[in-house]
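Participant: Given next are the chains, with one letter for each unit.
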Amino acid sequence: MKSVEHHSISFYITIWVILMVAIGASVYLGSIQHAHLATLLIFSVATVKAILVANYYMGLSHEPKYITLMLLVGVLFIGLLFVGLIPDIVYIYGK
Amino acid sequence: MSSSSILNTNPTHEVEQTTCLNVPNHRWGMWWFLGGEVAVFGGILAVFILFRLRNPEWAQEAAHTLTWVGSVNTVILLTSSLTMILAHHFVTGGGAQGLTLEQRASKGALFILLTNLLGISFVSLKIYGYTHEWHAGYTPERSLFWGFYYFMTGLHALHLIAGLVANSVVWVNLMKKRNLQRVESVGIYWHFVDLVWIYLFPLLYLEVSSGG
Amino acid sequence: MSKKQSFLTKYIFSQDHKVVGVQYMILGLLMALVGGYLAYVFRYQLAYPNQSIPGYGVLEADKYNSAVTMHGTIMVFWVAMPILLSGFGNYLLPLMVGAKDMAFPKLNMLSFWVFFVSALTLISSFFVPEGAVGGGWTTYPPLMANPGFTGVGWGAPLWILAVALEFASMLMSGINFLTTTITMRAKGMTFFRMPLFVWMANVASLIFMFSVGPLIAGALMLLADQLFAVGFFLPEKGGDPLLFQHLFWFFGHPEVYVLLLPALGIVAEIITVFSRKSIFGYKMIIYSVLVAGVLSFLVWAHHQFVSGIDPRIAAPFGLTTILISVPFAITMFAYIASLWGGQVRFSTAMLFAISMIVEFLLGGVTGILNGATASDIYMHDTYFVVAHFHYTLFPIVFLTSFAGIYFWFPKIFGRFMNETWGKIHFWITAISANFVFLPLFFVGIAGNHRRIYDPSLFEHLKDFQYLHVISTIGLFVLIGAQVPFILNFFISMFKGKKATENPWEANTLEWQAPSPPGHGNFITDPVVHRWPYDYSLENTEKDWCPQTEAI
Ligand SMILES: [Cu+2]
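Protein chains in written order, with my numbering: chain A, 1 to 95; chain H, 1 to 212; chain V, 1 to 551.
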């Protein structure tokens, strides 16, 4: 098996430290009063965490772009489902 | 065994490995599998978010989930991802040249074991959280939020337990110095389960006070 | 090459993609017998209400519901999917790309056995207390979410379990198809030299992979509703029954293409071989199908125009529905253009392929009436819809499968099926199918709701009862026509005329392997020099040119 390019142990630990800090940030943001801002920030932080895990732990950053693209297409279709459901589930007609 | 050994010596197979973007079969397979999983969890998250938007009062319900359990479990799970990637790091030679097969396999096995211990702690803490919340009266009877809560975290936990089983199989392989490439496959899966939790955690445990 | 294999490892627990493919096909055909029997039972009831049905007895109303539900479920998930995608896909895909086997042979074997268990689970639901589920193949809540409504305690959870296992099995197949196509193509087999069937099987797998996830989630939520009364889909508990419909059809419409695309692939291979012409617009077909694949995720709510969805989203979904017929119209015209001016050889396989195109066109055209919101509101849930989707699915599933079986039988078993009996089978099948389904359009327009147990109870339907009788008699003939096929199939397996490597003078790689191919498929690794559709080239002696032939 031809192995992929390697990061060093310290690189993986650095990522882990960033993730830990991000968890702390999320928990703190959960307690602030400004609801909309907090929601926005919490999900931004979650997305940063997700990107770090996907790119460096799952190794997406080493993979051909096609694979990321394929996964994003899956996410996009779910996004379409989400949008299509908004009128029926959230803003119900006539209410 | 016979057919897979035929495959490994198949010349066309090797030709295609090089022309196909350097991604070996087991990783292609894993990514396709995750493509399907993205749709499963994506669908669940989408549905939950829609219901959450429909019911602003669920913010109060979310305040009753044990936030400390969720937070500690997030730490545990992300740490297990670190041990998992380190297992992969050592198994593939880990930068340091000249590690023997035995050394690579035994270091990998150690870190797989650590990953599983963290995974088991996650499940144990989850069970503690469930019993605590359930006995405090937070059952699906109370509100659909709790239906979603148990459903989503339960499905995630089942995926995690499946990951524990897969890791154990790989651990046995490593003890026998076999199939070292499998660490990568179970690793990708493990990180994906981790990734799902990254979104479940704020959705279920961190609802901001006045709702979204 | 490999050790001598026992019967068990060679034919039962085999990892050889060809054996797995044949296992899928045979199990699918057996399930078709069950589905056909159910159709016979409820069609008999519809034509001759409340009479004792030969071979069944009197059909009670609740058992009628079970019969239609299980007929739909079986035909879509346990006949169409395994035969078209898993059966032909497993058998042909590695051969067509020049691989020795699938990328993950063990996963492949597992996928079949998971499918086998799913079939057993489904069949077992007939025998549990209260019998099989009767909520319709779409299993809409709140009917399905609460055992109190259906009176079915065990059938409903078993249905969900069986479908979930079936989905898992199909996902495993899909992973194998995609990986094999990407990494194991023979030297020279570029993506645009792959036969259309390979393209179609892969696009179908992708569509399935992306669309089934939300329904898996929805099915598990439905299961939670049934077993623990959680209420995801029950309004009184804060849930929403519409949600399930959305999740179901977000999968359900792409699923139609999961079935249609492999069928179009099979038909493409057959019509080029027997019209001795290259396929018209190869790349155009591929791009059309890719566009249709994306669009298929944008049309799902056209199944829900009358179910209380927001009228504001009905219009865009009606529009996308009309749009999605464009790529398929292009594909159909490409096929007809491929036939045009060819030296057509009317073998049984070719006859089935042509009849597929003809009958599918009628199904497709009547679909436009359902896609347009205004007419659909009148047609919805009537026999018109039933007739429409049977006019699409019968050609897709049965006519195409028969075409494929007659065509690849010599490759699979090394012997031909009998052509005379094949033609008898063809003519009776293709004609009687119209007698079964054509009357249903008219019954539907007359206002016959599709779930009515006894049409004679309705004054406005009395004058149309004769149409139900015609349809049912047509079905008797249609089922009877399958007897020569079944006999032909099994007798030819052992007694048929021996086939050479390339009996139809075709170009694709599977015809370069021995008939039947041994374990590992090819004697020498094929090297590909051209696309698969070089027929009737100028300045050549023979009128075909295999992909392995150098330019
Ligand atoms: Cu549709």
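Simulated from the structure, these hints should not be mistaken for laboratory data. Hints may contain errors.
Computed Cβ-Cβ distance ranges for the label pairs, DEER-style [unchecked claim]: (1) 447/V to 127/H: 32 to 38 Å; (2) 500/V to 64/A: 57 to 63 Å; (3) 83/A to 62/V: 38 to 44 Å; (4) 17/A to 124/V: 37 to 43 Å; (5) 9/A to 192/V: 40 to 46 Å; (6) 176/H to 500/V: 57 to 63 Å.
We put the CB at the ideal spot given by N, CA and C, even for glycine.
Participant: Each of the hints needs a verdict: does it hold here or not?
Facilitator: Cross-check of the supplied hints:
1. In this structure the hint that residue 447/V and residue 127/H lie 32 to 38 Å apart at CB is violated, the actual value being about 56 Å.
2. Distance hint for residue 500/V and residue 64/A: a CB-CB separation of about 42 Å, inconsistent with the stated range 57 to 63 Å.
3. The beta-carbon spacing between residue 83/A and residue 62/V, approximately 39 Å, falls within the hinted interval of 38 to 44 Å.
4. As the Cβ distance of residue 17/A to residue 124/V is approximately 53 Å, the hint placing it in 37 to 43 Å is violated.
5. The hinted range of 40 to 46 Å is satisfied by residue 9/A and residue 192/V, whose Cβ atoms lie roughly 44 Å apart.
6. Hint check: residue 176/H to residue 500/V, Cβ distance near 48 Å, so the stated range 57 to 63 Å is violated.
The earlier numbered hints that this structure contradicts are 1, 2, 4, 6.
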